[in-house]
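Undergrad: Using the hints, position chain B against chain A.
Top line first, the protein sequences correspond to chains A and B. Numbers in our numbering are just positions in the first sequence, counted from 1, shifted up by 59. Numbers in our numbering are just positions in the second sequence, counted from 1, shifted up by 548.
Hints listed in this document are in silico derivations from the structure and should not be mistaken for laboratory results. There may be inaccurate statements among the hints.
Cross-link-like lysine-lysine pairs, in silico, PhoX-like; alpha carbons within 25 Å at most [as the list claims (entries may be wrong)]:
no.	chain 1	residue 1	chain 2	residue 2
1	B	Lys840	B	Lys868
2	B	Lys1097	B	Lys1148
3	B	Lys1037	B	Lys1117
4	B	Lys1124	A	Lys118
5	B	Lys833	B	Lys699
6	B	Lys1117	A	Lys118
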Amino acid sequence: MQGAMGDVSGTREFPDGLSAHELLIQLEMPPEESYAVMINDIPVSLPDRTSRILLDGDKVTIFPPIKGG
Amino acid sequence: MAWQGKILRVDLTNLSAKEEPLNMEWAEAYIGQRGLATRYLMEEIDPAVSALSPDNKLIFATGPLTGTGASTGGRWSVVTKGALTGAIACSNSGGQFGGELKLAGWDMIIFEGRAPKPVYLYIRNDRVEILGAEGFVWGKTVWETEEMVCKRHHDPDIKLASIGIAGEQGVKFACVVNDRDRAAGRSGVGTVMGSKNLKTVAVRGTKGVDVNNPKEFFSVAMKASAKLNATADAKRRGAIGTMAMMDVNQAWGSLPTRNCRDVQFEGAGNINVAAMTRIRESDGKANLKTNKGCFACTIACGRVSEIDPTHFSVRDKGGKYTTPEGGLEYEGAFALGPFCGVDDIEAATYAQALCNEHSMDPISFGATLGAAMELFEMGVITTEHTGGMALNFGSAEALCWAAEVTGTATDFGRELGLGSKRLCEKYGHPEISMSVKGQEFAGYDPRAMQGMGLLYATSNRGACHLRGAAWTEDYTDVSPVGRAPVVKKAQDGMAMYDSTGLCMFARGGFGDEMLIAQLEADLPGEWGIDRLMETGERIWNLERLFNLKAGFTAKDDTLPARVLEEPAKTGAATGKVTELSVMLPEYYEQRGWSPEGVPKDATLSRLGLS
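Here chain A stands alone, though its shape is the one from the complex (with noise of 0.2 Å):
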């Protein structure tokens, strides 16, 4: 697991079937504030998270919410 801004960073076991979606739920990150996801360096929208189940070795980036300036 690889955080945005190096403030989350390691790695770490999840269990079998997990989905993208329910992994933001287990990390407490609710999704319905929008944290972007890319899996592997390849984003994964919203409707897709839920069916996209993460595999061993998978190197998972989150952002947070935050917008520019």
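TA: The following block gives chain B in isolation, referenced to the frame of chain A:
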């Protein structure tokens, strides 16, 4: 109510100033600041005039919440016809100046004409003086000007909005800098100020601001601050600031790198939040010293940095740049860093300091240098042009040198001071300029952020990320589908918010409900969200009308060929270009504009603009 009800009109040609009542009918229809000042400008100038002619006007404007104590209520704007773009320019700044202007009893200042000799304006509440700047602060930096004016008037609490040498010398992307390191940054508003021979506006205000319902206002402002401060977003902004975007864009593949030849930068890890907070071996300190806030702000996203005293850029400068000063914010950092292929955070911090003291927009400066670096690597610009300096991508030495010569408008700095569009046209390669309507891209490559592409193309002040981006959609899906209505709504929302006196960074935390509660305790009448959003739409269309009269057409609502034709090599948008042709017709339709991008009569009539 929080309006002082007074405008100061300064006739620079005749060196006179007079007080006028604020047009309250327009304040009702345009809220204040961006909207209200644009309404005045539209009434008072022909949009076709040259931006640098005495016929252009320069307006400093506050919003109804500026100076009130509402969290982030210190914003103010400079509105004029932009020197960089020839389009409507509205540049928004924070710091202390806007609140001070309101506390001195003035809602807005309108500058007309051109002073026969350099002057500065000194305001102490009702006392207004136009004083000579020649032999005093003319030719000085912003920082020297602030110190000298405070000293002359024996008051360290005077707040100033000034131009440095870049503004005096006609650098096209000169900005207006207040409080040492806050700026009305974009579109060349400082260039217009320089063309009027106006060096600085120095204000001391002790009058206070009367809100409509003080008890209610205090109560809702406290509630709004508490709500804002509790959000993860506000905490994150205070802790890591806008620099957070460096890692986000690097990961997403939307980090404009080497003049947009690339969308990810291998050196990003040397110029991001982690690099800013890393302890240096040389002096045991980090680049980031602390954070700071603007007037009444409870977020405090601003960065304060100390440059490594052993760094080549500053070690021979007598300690001038090694005390804590305004540091890198993301927009400066991307332009001075990845856009030029530079991964030296100390060099970028030094270049940012020069942008502050000489009054240059770091986005346009960095992006112009990036374009010049590409022309250099193409062999179009050579060391003969530059006087010996090699402008290769990645050269921190070239970055620091370029900031010095452009800030002081010397040697090749005069060429860089043209901005990327004019520079690239002059050297026969207009396609190398990453700009729209003459204004350089902000720190988001529009191939991985399709909504940003539509925003760049349609923004009334030229390429800009602050005019209404589809942040959520762009960071969740690389697609042009459905972006038009999102961008339209975001543009209207930003136009509205930029007119209130609050900072856009408070918007999410406050929510509409707290914005409305504060406005209604501040001003007479009801300010529901429908009224506010319609006002935003009115402002957007008024700006569009200004640009149409200035000579812009739908042909100018476009993007450089690079992002329309050359696919992104890496990142989320690998193999993709910006699909503007998919988004633009839908956008015009959403706006109620003709296929030629002209507001239809029914649209203007609905908005009260016909």
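Undergrad: For every hint, state whether the structure bears it out.
TA: Outcome of the hint check:
Restraint check: the Cα-Cα separation between lysine 840(B) and lysine 868(B) comes to about 21 Å, which is no more than 25 Å; the hinted pair holds. Pair hint lysine 1097(B) plus lysine 1148(B) holds up; C-alpha atoms about 15 Å apart against a cutoff of 25 Å. Between lysine 1037(B) and lysine 1117(B), the direct Cα distance comes to roughly 31 Å. Violation of the 25 Å bound is thereby established for this hinted pair. As the CA atoms of lysine 1124(B) and lysine 118(A) are separated by approximately 23 Å, the hinted pair is consistent with the 25 Å bound.
Proximity of lysine 833(B) to lysine 699(B) is assessed by CA-CA distance (about 32 Å); at most 25 Å being required, the pair is judged violated. Simply put, lysine 1117(B) and lysine 118(A) have alpha-carbon atoms about 20 Å apart, close enough for the 25 Å limit, and the pair holds.
Going through the hint list in order, the structure does not satisfy hints 3, 5.
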